[in-house]
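Asker: Given next are the chains, with one letter for each unit.
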Amino acid sequence: NAGVTQTPKFRILKIGQSMTLQCTQDMNHNYMYWYRQDPGMGLKLIYYSVGAGITDKGEVPNGYNVSRSTTEDFPLRLELAAPSQTSVYFCASSYSSTSGSYEQYFGPGTRLTVT
Amino acid sequence: KNQVEQSPQSLIILEGKNCTLQCNYTVSPFSNLRWYKQDTGRGPVSLTIMTFSENTKSNGRYTATLDADTKQSSLHITASQLSDSASYICVVSEGSQGNLIFGKGTKLSVKP
Numbered sequence: 001n002a003g004v005t006q007t008p009k010f011r012i013l014k015i016g017q018s019m020t021l022q023c024t025q026d027m028n029h030n031y032m033y034w035y036r037q038d039p040g041m042g043l044k045l046i047y048y049s050v051g052a053g054i055t056d057k058g059e060v061p062n063g064y065n066v067s068r069s070t071t072e073d074f075p076l077r078l079e080l081a082a083p084s085q086t087s088v089y090f091c092a093s094s095y096s097s098t099s100g101s102y103e104q105y106f107g108p109g110t111r112l113t114v115t
Numbered sequence: 001k002n003q004v005e006q007s008p009q010s011l012i013i014l015e016g017k018n019c020t021l022q023c024n025y026t027v028s029p030f031s032n033l034r035w036y037k038q039d040t041g042r043g044p045v046s047l048t049i050m051t052f053s054e055n056t057k058s059n060g061r062y063t064a065t066l067d068a069d070t071k072q073s074s075l076h077i078t079a080s081q082l083s084d085s086a087s088y089i090c091v092v093s094e095g096s097q098g099n100l101i102f103g104k105g106t107k108l109s110v111k112p
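Protein sequence lines correspond, in order, to chains U and X.
At position 89 of the first sequence the residue is numbered 89 (the working numbering), and the sequence of numbers has no breaks.
At position 42 of the second sequence the residue is numbered 42 (the working numbering), and the sequence of numbers has no breaks.
Don't read these hints as lab results, they were simulated from the structure.
Owing to the predicted nature of the structure, the values given are computational and were not obtained by experimental measurement.
You may find that some hints are simply not true.
[To be verified] To give a feel for the contact side, a few chain U residues facing chain X, derived at Cβ under 7 Å:
| no. | residue |
| --- | --- |
| 1 | L43 |
| 2 | N62 |
| 3 | N65 |
| 4 | S101 |
From the three backbone atoms N, C-alpha and C, an ideal C-beta is built for every residue, glycine too.
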């Protein structure tokens, strides 16, 4: 099993450009998440999904969009990149809600710089 | 406000020594508490998950404790190794939705 994979590993964007961060998991997990990690700060939830076709906002959703057409894939879209979106982005998945003792598995991250 | 505070921010120890990392939280309602290890440039990896009724949980040389009354947790690392150098993140799951509140982490450096 590859677990949670993310592409690309690194990306530099100019202000106003758009891009999609890809995330795929092969563990047949229902729940998937997108987080951002800013230097010296805790991870913040951007969006999450409890199953194919269902997505919901997290703590910091502004400037991002997501879709979940399959169980495996959960892409994150940045439409108009801004310097404030410079961060490391992590995708994660879990079998069920983290209110239960379900492990959450993280991908290796995408380091995004917007200049 | 739901918060998770970790101390110290950073710590340097010699290889073979023990250390204890602290986590205080004000998350309510409480579902569970997790400790993650995050190597530089990698995603977090789960070490332990503890529910309200669990006081202690071990994973190899890592032992986590939880005092739900005082809302404190600790992570004890025994006989540290160079590979233990990483950030250790305390995370509390809140409510029925399981929203995860992340601490900022403690950066541990183990020196030879």
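Asker: Does U:L43 pass the interface hint, meaning its C-beta sits closer than 7 Å to a C-beta of chain X?
Answerer: Holds. Min distance 4 Å.
Asker: For the hint on U:N62, does the least C-beta distance to chain X fall short of 7 Å?
Answerer: Violated - the Cβ of U:N62 stays beyond 7 Å from chain X, reaching only about 18 Å at its closest.
Asker: Tell me if U:S101 is really an interface residue toward chain X, meaning its C-beta lies closer than 7 Å to one of theirs.
Answerer: holds (5 Å)
Asker: Please check whether U:N65 passes as an interface residue: C-beta within 7 Å of a C-beta belonging to chain X.
Answerer: violated (20 Å)
Checked against the numbered hints listed earlier, the structure breaks hints 2, 3; every other hint is satisfied.
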